[in-house]
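Chains A and B, in that order, are what the protein sequence lines are.
If you count the first sequence from 1, position 50 lands on 50 in this note's numbering, and the numbers rise without skipping.
If you count the second sequence from 1, position 100 lands on 100 in this note's numbering, and the numbers rise without skipping.
The set of hints was computed from the structure by calculation and includes no laboratory data.
Please note that a few of the clues may not be correct.
[Said to hold, decoys possible] Pairwise CB distance ranges, derived in the manner of DEER restraints:
1. 71(A) <-> 22(B): 40 to 46 angstroms
2. 53(A) <-> 51(B): 27 to 33 angstroms
3. 26(A) <-> 56(B): 16 to 22 angstroms
4. 62(B) <-> 113(A): 20 to 26 angstroms
5. 56(A) <-> 82(B): 41 to 47 angstroms
6. 62(B) <-> 83(A): 41 to 47 angstroms
7. 108(A) <-> 54(B): 30 to 36 angstroms
8. 113(A) <-> 59(B): 17 to 23 angstroms
9. 18(B) <-> 70(A): 46 to 52 angstroms
[As the list claims (entries may be wrong)] Straight-line distance between alpha carbons at most 20 angstroms, and here's what the computed PhoX-like set of lysine-lysine pairs gives:
10. 96(A) <-> 13(B)
11. 96(A) <-> 95(B)
12. 103(B) <-> 100(A)
13. 58(A) <-> 68(A)
14. 100(A) <-> 13(B)
15. 103(B) <-> 58(A)
Think of the CB as a built atom: it goes at the ideal place given N, C-alpha and C, for glycine as much as any other residue.
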Amino acid sequence: AQSVTQLGSHVSVSEGALVLLRCNYSSSVPPYLFWYVQYPNQGLQLLLKYTSAATLVKGINGFEAEFKKSETSFHLTKPSAHMSDAAEYFCAVSDKGAQKLVFGQGTRLTINP
Amino acid sequence: KAGVTQTPRYLIKTRGQQVTLSCSPISGHRSVSWYQQTPGQGLQFLFEYFSETQRNKGNFPGRFSGRQFSNSRSEMNVSTLELGDSALYLCASRKAGTSTDEKLFFGSGTQLSVL
Numbered sequence: 001a002q003s004v005t006q007l008g009s010h011v012s013v014s015e016g017a018l019v020l021l022r023c024n025y026s027s028s029v030p031p032y033l034f035w036y037v038q039y040p041n042q043g044l045q046l047l048l049k050y051t052s053a054a055t056l057v058k059g060i061n062g063f064e065a066e067f068k069k070s071e072t073s074f075h076l077t078k079p080s081a082h083m084s085d086a087a088e089y090f091c092a093v094s095d096k097g098a099q100k101l102v103f104g105q106g107t108r109l110t111i112n113p
Numbered sequence: 001k002a003g004v005t006q007t008p009r010y011l012i013k014t015r016g017q018q019v020t021l022s023c024s025p026i027s028g029h030r031s032v033s034w035y036q037q038t039p040g041q042g043l044q045f046l047f048e049y050f051s052e053t054q055r056n057k058g059n060f061p062g063r064f065s066g067r068q069f070s071n072s073r074s075e076m077n078v079s080t081l082e083l084g085d086s087a088l089y090l091c092a093s094r095k096a097g098t099s100t101d102e103k104l105f106f107g108s109g110t111q112l113s114v115l
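Excised from the complex, chain B in its bound form:
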């Protein structure tokens, strides 16, 4: 069973540009979450999507957005990039059933560098 797949693995952009990151969840998982990891702020929750709808949202500016497709794949977009957006962006998926005894599975991340 394939794990959570994130593409691309590395990305270099310049300030002011926009970027789109992609995440394919584990087969059968309907929820996809995104986290930002930086040395200074640590791991921070960005948002979660379930059935193509944003279910939860963290404290990030509107430049950070996402969407989920009918096959549960998700994309995250960051517009007008700033130097501080340089980070490892992690995607995680879960089944999103009724049980609270669920596990969250993470991908290897996309390392974004903003120059």
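Next up, chain A with everything else stripped away, as it sits in the complex:
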């Protein structure tokens, strides 16, 4: 069975600071990994996805994530936080592309002015 653990249910950073959201996964097969963002009262928007093409994945809004098989991690980073980045972020894993995603519990990101 697959699973995802997001370390830290709440992360707070200052505007302009580095954003680092942690995600560790468990999968018995090569995984497909995703990061989604959810703004209040909205659905999920795909930030980026890993499908084995490249270990460093660049997404929208300046976010990127690095797949590290040895650490079973897929941490999300952004060099400089913006107020508009405040939202909840979800890491997800699948063994079949975009089918049957297993999500982590989410990390709420707060940006301090």
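Position chain B relative to chain A; hints supplied.
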């Protein structure tokens, strides 16, 4: 191009009732998935439909069911509602082609409150 559309946006029901939620996928998308989001359990996969057939199923009781129509629109039904069914129900669609490099697009959800 319109996104994934879910109706209604909000719904209030009482215990024991049944409810039907609707989802219209992005044009050209043949697969529709449903997810339940609650503060306690997070996001959980309910089921996926493709070409009017259930392709994948999560670990939910039989009170949760769905169907897909020939135009790819999908409905989800919950019978004999329980307080714990209060949640945001999210629908997602994808093309469902042969490529694994697909994207899953989510709607804004239906917020169901069971009183």
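Hint check:
A beta carbon spacing of about 42 angstroms between residue 71(A) and residue 22(B) agrees with the range 40 to 46 angstroms that was offered as a hint. Distance hint for residue 53(A) and residue 51(B): a CB-CB separation of about 28 angstroms, consistent with the stated range 27 to 33 angstroms. Checking the proposed 16 to 22 angstroms range against residue 26(A) and residue 56(B) shows it holds: the Cβ atoms sit about 19 angstroms from each other. For the pair residue 62(B) and residue 113(A), the supplied restraint of 20 to 26 angstroms is violated, since their beta-carbon distance comes to about 50 angstroms.
At about 45 angstroms, the beta-carbon gap between residue 56(A) and residue 82(B) stays in the expected band of 41 to 47 angstroms. Between residue 62(B) and residue 83(A) the C-beta distance comes to about 45 angstroms, which sits within the given range of 41 to 47 angstroms. Between residue 108(A) and residue 54(B), the C-beta spacing of about 33 angstroms keeps the proposed range 30 to 36 angstroms intact. Hint check: residue 113(A) to residue 59(B), Cβ distance near 43 angstroms, so the stated range 17 to 23 angstroms is violated.
The hint said 46 to 52 angstroms for the Cβ distance between residue 18(B) and residue 70(A), and at roughly 49 angstroms that hint holds. For the suggested pair residue 96(A) and residue 13(B), the alpha carbons sit about 35 angstroms apart, so the restraint of at most 20 angstroms is broken. With a CA separation close to 14 angstroms, the supplied pair residue 96(A) and residue 95(B) stays within the 20 angstroms bound. Restraint check for residue 103(B) and residue 100(A): satisfied, since their Cα atoms lie roughly 12 angstroms apart, inside the 20 angstroms limit.
About 15 angstroms separates the Cα atoms of residue 58(A) and residue 68(A), which keeps this hinted pair within 20 angstroms; it holds. As the CA atoms of residue 100(A) and residue 13(B) are separated by approximately 28 angstroms, the hinted pair breaks the 20 angstroms bound. For a cut-off of 20 angstroms, the pair hint linking residue 103(B) to residue 58(A) stands: about 15 angstroms separates their Cα positions.
In summary, the structure is inconsistent with hints 4, 8, 10 and 14 from the numbered list given earlier, while agreeing with the others.
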